[in-house]
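Asks: Line by line, the protein sequences are chains A and B.
Note that the working numbering gives residue 38 to position 38 of the first sequence, counting from 1, and the numbers run on in steps of one.
Counting from 1 along the second sequence, just add 1000 to a position and that's the residue number in the working numbering.
A couple of the hints might just be wrong.
Calculated lysine-lysine pairs in the PhoX-like style (CA-CA distance at most 25 angstroms, straight line) [claimed, not checked]:
hint, chain 1, residue 1, chain 2, residue 2
1, B, Lys1106, A, Lys58
2, B, Lys1053, A, Lys66
3, A, Lys5, A, Lys85
To be clear, the hints were calculated from the coordinates, so they are not data collected in a lab.
The chain contents come next:
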Amino acid sequence: MEALKQELKENIIEQLNLEDFNVEDIADGDTLFGDGLGLDSIDALELIVMLDKDYGIKLTDPKEGKTVFSSIEVLATYITEHRKK
Amino acid sequence: MSKKLHIQNYCKIIDGKITLNGKVIYEDDSNDSKSFLKNTYKNLKIEYPKFFKMDNLCKLAFLASEVLLEHSSIDSKAKEDIAIVLSNKSSSLDTDRKHQETINDKGNYYPSPANFVYTLPNIAIGEISIRHQIKGENAFFVSNTFNEKLLEQYAISLIQNEKSNQILCGWVDFDDEKYHAFMYLVAEEGEYKYSQEFINKIYNEN
Chain A
1 MEALKQELKE
11 NIIEQLNLED
21 FNVEDIADGD
31 TLFGDGLGLD
41 SIDALELIVM
51 LDKDYGIKLT
61 DPKEGKTVFS
71 SIEVLATYIT
81 EHRKK
Chain B
1001 MSKKLHIQNY
1011 CKIIDGKITL
1021 NGKVIYEDDS
1031 NDSKSFLKNT
1041 YKNLKIEYPK
1051 FFKMDNLCKL
1061 AFLASEVLLE
1071 HSSIDSKAKE
1081 DIAIVLSNKS
1091 SSLDTDRKHQ
1101 ETINDKGNYY
1111 PSPANFVYTL
1121 PNIAIGEISI
1131 RHQIKGENAF
1141 FVSNTFNEKL
1151 LEQYAISLIQ
1161 NEKSNQILCG
1171 WVDFDDEKYH
1181 AFMYLVAEEG
1191 EYKYSQEFIN
1201 KIYNEN
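Using the sequences provided together with the hints, build the complete structure.
Replies: Here it is, written out as structure tokens:
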């Protein structure tokens, strides 16, 4: 699980071009949207593509996405339980 | 009633160099455009993290507009009414190709939403408008070469019809590591008297 969290932080920083952030800046429980990392709706779409591409998980319900992307901790748990890759 | 036009400021970004009204304000010997754009952002001390999410064309347009508007005396209320009229040759081809790469292979079909939203050149106008809360008229023309006459006609029309008092005009082109931005702020009052000859002169000056 720790390795997955590290991987997610690295991928999010790289794929979402979070130039001002390092892996150490993101705590497992930090909010990803809103006041946390400040991600926007396009970032949410990128994360949905990342889940599909890297872990074979297709998110179809927008309400589900809101919960799944609440923090690295929650996202890592969800991926561990649902991954097909 | 005919109104006389002037140019308040003009800015060029080409070959690792930024000039404002003909004077070099930043120079960088980076070998690649990505480093140059990033170094310029840092050097100009801009704090706008969304910059890093933009495509190359938008970054280039954004930086040129930052230099121009930073050195103009327009207050925030007047900024809202600025019109933006830009042009280029390559449209959004640089990003279009990146998008194409993500959808070429049916077995590996993952179009990037962050790339896709930049597959139109007028998004550069949108980025400038969001940054400065600009709500004026805008247009983006694509032509083989810089057409100062077309931009002048558009600027005159906007000012004569009282759609705007200030117009950010220019050429912003990015493709295959080659970049060229030339922007100027047109208004009724300004440092330089407007003429096509003057525009061509400053467009071509080093």
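Asks: Measure nothing beyond the straight line between the CA atoms of Lys1053 of chain B and Lys66 of chain A; if it is 25 angstroms or shorter, mark the hint as holding.
Replies: Satisfied, since the Cα-Cα distance of roughly 22 angstroms is no more than 25 angstroms.
Asks: Checking one constraint from the list: CA of Lys5 of chain A to CA of Lys85 of chain A, max 25 angstroms. Satisfied?
Replies: 16 angstroms, holds
Asks: Mind checking the alpha carbons of Lys1106 of chain B and Lys58 of chain A for me, to see if they're no more than 25 angstroms apart?
Replies: 17 angstroms, holds
No hint from the list above goes unmet by this structure.
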